[in-house]
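Engineer: Now for the letters of each chain:
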Amino acid sequence: MRQPAQLTSRMTEKLDYEELLGCMRCGFCLPTCPTYIRSKDETASPRGRIAIMKGVVDGLIEPDAGVEKTLNECLGCLACEPACPAGVRYSVLLEDARAAITEHKRATGQMDVRERMIRKVVFDGLFMNKANMETATGFLRFYQQSGVQTLTRKLRILDWFPDQLQKMEAILPPVPPKAARRRRSERLKATGQPTARIAFFTGCLMDTMFYETNANTIKLLQAAGCDIVIPDTQQCCGALHGHAGEQAGAVQLAKQNIEAFEALDVDYIITNAGGCGAFLLGYDHLLKQDPDWLARAERFKDKIKDFASILIEIGFLDRVTLTLPKQVITYQDSCHLRNVQQGALAPRLLLQAIQGPTYVEQRHADNCCGSAGVYNLLQPIIANDILEMKMGHVRDTAAQTIVTSNPGCHLQMQLGIQEHGTDSMRAVHLADLLAEALPHT
Amino acid sequence: MDWINHLQTEVEDDIIFTDATTRLAYSFDATPNYQAMPDAVVAPRSTKDVQAIMRICHTYRVPVIPRGSATNLAGGTTPLAGGVVLDFRHLDKILEIDEKNLTVTVEPGCITGRLIEAVEAKGLFYPPDPSSMKISTIGGNISENSGGLRGLKYGVTADYVLALEAVLPNGEILKTGGKLAKDVAGYDLTRLLVGSEGTLAVITKATLKLIPLPETKQTMLAHFSDLDGAARTVSRIIESRIIPVTLEFMDKKTIEVVEAYANIGLPTDVGALLLLEQDGPSEVVHRDIEAMHAICLAEGASFVEVARDELHAETLRYARRTALSALARLRPTTILEDATVPRSEIAEMVRRIEAIGRKYRIEIATFGHAGDGNLHPTVATDARDHEEMERVEAAFADIFAAALELGGTITGEHGVGAMKAPYLEWKLGASGIDVMKGIKLAFDPYGIMNPQKMFAKAAKKRLVQGGGV
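Residue numbers (this note's numbering), protein chains in the order written: chain A, 1 to 441; chain B, 1 to 469.
Don't read these hints as lab results, they were simulated from the structure. Each hint should be verified, as a subset may be incorrect.
The list that follows gives simulated cross-link-like pairs (lysine to any residue, SDA-like), each with its CA atoms no further than 25 Å apart [unchecked claim]:
| hint | chain 1 | residue 1 | chain 2 | residue 2 |
| --- | --- | --- | --- | --- |
| 1 | B | 93 | A | 69 |
| 2 | B | 457 | B | 397 |
| 3 | B | 93 | A | 389 |
| 4 | B | 122 | A | 365 |
| 5 | A | 40 | B | 36 |
| 6 | A | 40 | B | 48 |
| 7 | A | 40 | B | 397 |
| 8 | A | 40 | B | 34 |
| 9 | A | 303 | A | 186 |
| 10 | A | 288 | B | 329 |
| 11 | B | 93 | A | 388 |
| 12 | B | 93 | A | 298 |
| 13 | B | 209 | B | 285 |
| 14 | A | 40 | B | 39 |
| 15 | B | 122 | A | 389 |
| 16 | A | 40 | B | 37 |
| 17 | B | 122 | B | 281 |
| 18 | B | 253 | A | 87 |
| 19 | A | 255 | A | 121 |
| 20 | B | 93 | B | 145 |
| 21 | B | 457 | B | 447 |
| 22 | B | 217 | B | 290 |
| 23 | B | 48 | B | 59 |
| 24 | A | 69 | B | 15 |
| 25 | A | 69 | B | 35 |
| 26 | A | 301 | B | 329 |
| 27 | B | 48 | B | 444 |
| 28 | A | 303 | B | 261 |
| 29 | B | 209 | B | 125 |
| 30 | A | 301 | B | 263 |
| 31 | A | 40 | B | 145 |
| 32 | B | 205 | A | 39 |
Please put together the full structure from these sequences, using the hints given.
Structural biologist: What follows is the structure in structure tokens.
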């Protein structure tokens, strides 16, 4: 990387030295890290990555392409955080280091045209604005419904695209028509006696491509006794920006979301995507520069809760009986739901409460599936290795139904089934499966 | 560098790493304040690769540092003199579980926890369980002669190593021991390599002894209002001919820190806490737990609880398991030592540690393996504060001296490495160091194996403490 001295000072400025120093290099993170498990290479471990960041700040090494590569190869699953005896906030270090690199490349004109274009379309266009997201999803629906998809596949147009994109294209869910996506009202009443007042954070992908899952989540929350508000001014959580070093975009989205929710008189703000929930919880770090916004972010984050945990807390299982046909079910943790939101238990309690199926825990359910936002597109080789390992554990359970709780994991497990699974397997979001199991009215 | 070019002609390119990022990632271990860049990281795929690497390093006098997962706490795997870090990522296989002879043969890079899982799946037991066992490798455990929580009843790594294959610095292969319960053919070279901290040869294969897996296990926790009650309990249990599998200890300071961090309802007016476990046939376990329960009460325990089931046992173990996390969060730098005394001297040793802490104005929390006298006095400090670091170092020197005075040792299970090399002579005397130097020379005439470890340039001057050994 050209002008390394500038990048060194940028990293020195951005990275919290106390946090870097907090790592005592005990190695407790090593057995939890999917990229380290895969390669057993210390440059691919959390301890190694922290040492490398610190090495740059301490002036022991230059922030060259090798440094960027090791940071890019991190999934950001954060399995290392709960394992860390010293409580090092690795997520903060990783995001700040990535932001320093992105800002440096942009400032020194080192970002090539292709990367600039992709970043502009994805981060400034698509995920920055809900209307654009809806338009894009509209195109996807058009692509799927109009016959273009069939034609594209017949003409093998996708052969021109990278292998990984071809595979992903095949597993995208059918998008519901826009009319259906528009019918939802902003306020919804609980079924029966209300137990809680909540606001629902819809997420951008969840509210377009996975609209059905959002509809089912809302249905479950109503059945559990929640009065629900869905503020129209909410935006994408900003996780994709944050993970890709686009901190300015993430800050803007965070402020818009805080504004959308803070005036509402609700007990909780509920998410149904582990990745979004975790990022919302990090708004305080994102806005730490401004004391006023920091205080608002702290009040906001105190209300964040995932839908499975609130269902358990407010006695959903006492209100309804869940039943499904006989089948084997297994669960794949959403890393951020587990490692950041501490929400590993509730999904399992809900699944085990369904009468009919058998729940089998897979080995290493807590290891990342390799999806990690857009990681599987950017690092296909590592992601596919990790997925192959994961599908081996899934096969050992003999499960037909693989339950997930985040859109990225959901697509990745579908890819896993396509590549390494059997015809009788399906991947399903926890909310969709629970809705299936509700008593039919 | 000539030797790297030469190395590239002898082994495959893709196992040699010389880029700065990789060298940085292999420049440290878990010891605070030790860091140095190696010239290369090399990851052999076979014993033959190791031989080729050693021949070249021997010829060019290049330092070689065998490294497992670098969890050691004495600077043992930090490449202080540069050279080659040998990484065992490819040599990590379990080669054979021999159910006729009850042995397991492994490559050095195998993670200890994985080995334990594999043999337990066959109803067999490999007892050494250092706290890092999910991370550390068998090769590292053998090189450091690692202990663990089960040491009191089952011994340490050395008690389970039956045979070794190692590559000498000149590239020759050395084979020691065998799948044998008895073997007196010559000097015990197996035992010599165990705990040699990578200063003699590179271990490439190990055959370990296994025993039958105990049928059951029970857990209990006891609180004591004062240290002496806990110490008397430890002595009385052993005197009663009971050898529990776990006999862990936490002092008042550790209890306070754990409670402040985890809020689990530990009474902070308690002076000490003991975690006791027994394993074996259920009638024996039951009898021993009852007897230990009675001893705890007789020696003034303010609270004793026996686990109803495994879930309950986990909650009883929680405080002890959380000790390191709680202490590590206090300050940026955590220094964990392992001074060890005869178990009859535990109370006296803890009192001396407390006095040393007061003398140097530092806070020392002590926990550890009471059953075998292996204590972990732990200091939370800040490596950037040089004045405080000097006081910390002086305090540890006093702790080593106190342990020796009580008939103990400067390190029970962490090893000498670079950190305790200056104190080794206090334990062994000049004659001990001389014998060790002779052995070192016989194996490694050019001193390429893990230099600056075990042997210090100069021994630390020992202040007379009154009495002495």
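Engineer: Is the Cα-Cα distance between residue 40 of chain A and residue 48 of chain B 25 Å or less?
Structural biologist: Roughly 21 Å between the alpha carbons, so the hint for residue 40 of chain A and residue 48 of chain B holds.
Engineer: When you check the alpha-carbon spacing of residue 255 of chain A and residue 121 of chain A, does it fall within 25 Å?
Structural biologist: At roughly 21 Å apart (the allowed maximum being 25 Å), residue 121 of chain A and residue 255 of chain A satisfy the hint.
Engineer: So if I understand the rule, the pair passes when the alpha-carbon distance is 25 Å or less; does residue 303 of chain A with residue 186 of chain A pass?
Structural biologist: Given that 25 Å is the threshold and the Cα spacing comes to 19 Å, the pair holds.
Engineer: Compare the distance between the alpha carbons of residue 93 of chain B and residue 298 of chain A with 25 Å, and conclude whether the hinted pair is satisfied.
Structural biologist: With a Cα-Cα distance of about 49 Å, the restraint between residue 93 of chain B and residue 298 of chain A is violated, given a limit of 25 Å.
Engineer: Sort out whether residue 329 of chain B lies within 25 Å of residue 288 of chain A, counting only the CA atoms.
Structural biologist: With Cα atoms ~22 Å apart, residue 288 of chain A and residue 329 of chain B stay inside 25 Å; holds.
Engineer: So if I understand the rule, the pair passes when the alpha-carbon distance is 25 Å or less; does residue 40 of chain A with residue 397 of chain B pass?
Structural biologist: Between residue 40 of chain A and residue 397 of chain B the Cα gap is close to 37 Å, so the pair fails against 25 Å, i.e. violated.
Engineer: Checking one constraint from the list: CA of residue 48 of chain B to CA of residue 444 of chain B, max 25 Å. Satisfied?
Structural biologist: holds, 19 Å
Engineer: Has the given pair, residue 40 of chain A with residue 145 of chain B, been kept, meaning a C-alpha gap of at most 25 Å?
Structural biologist: Holds, at about 23 Å.
Engineer: Given the hinted pair residue 253 of chain B and residue 87 of chain A, is their Cα-Cα distance within 25 Å?
Structural biologist: holds, 20 Å
Engineer: Between residue 69 of chain A and residue 15 of chain B, is the straight-line Cα distance small enough, at 25 Å or below?
Structural biologist: holds, 19 Å
Engineer: Does residue 40 of chain A pair with residue 37 of chain B here, judged by a C-alpha cut-off of 25 Å?
Structural biologist: holds, 19 Å
Engineer: Keeping to a limit of 25 Å between CA atoms, is the pair of residue 457 of chain B and residue 397 of chain B held or broken?
Structural biologist: Holds, at about 17 Å.
Taken one by one, the earlier hints fail for this structure at numbers 1, 7 and 12, listed in ascending order.
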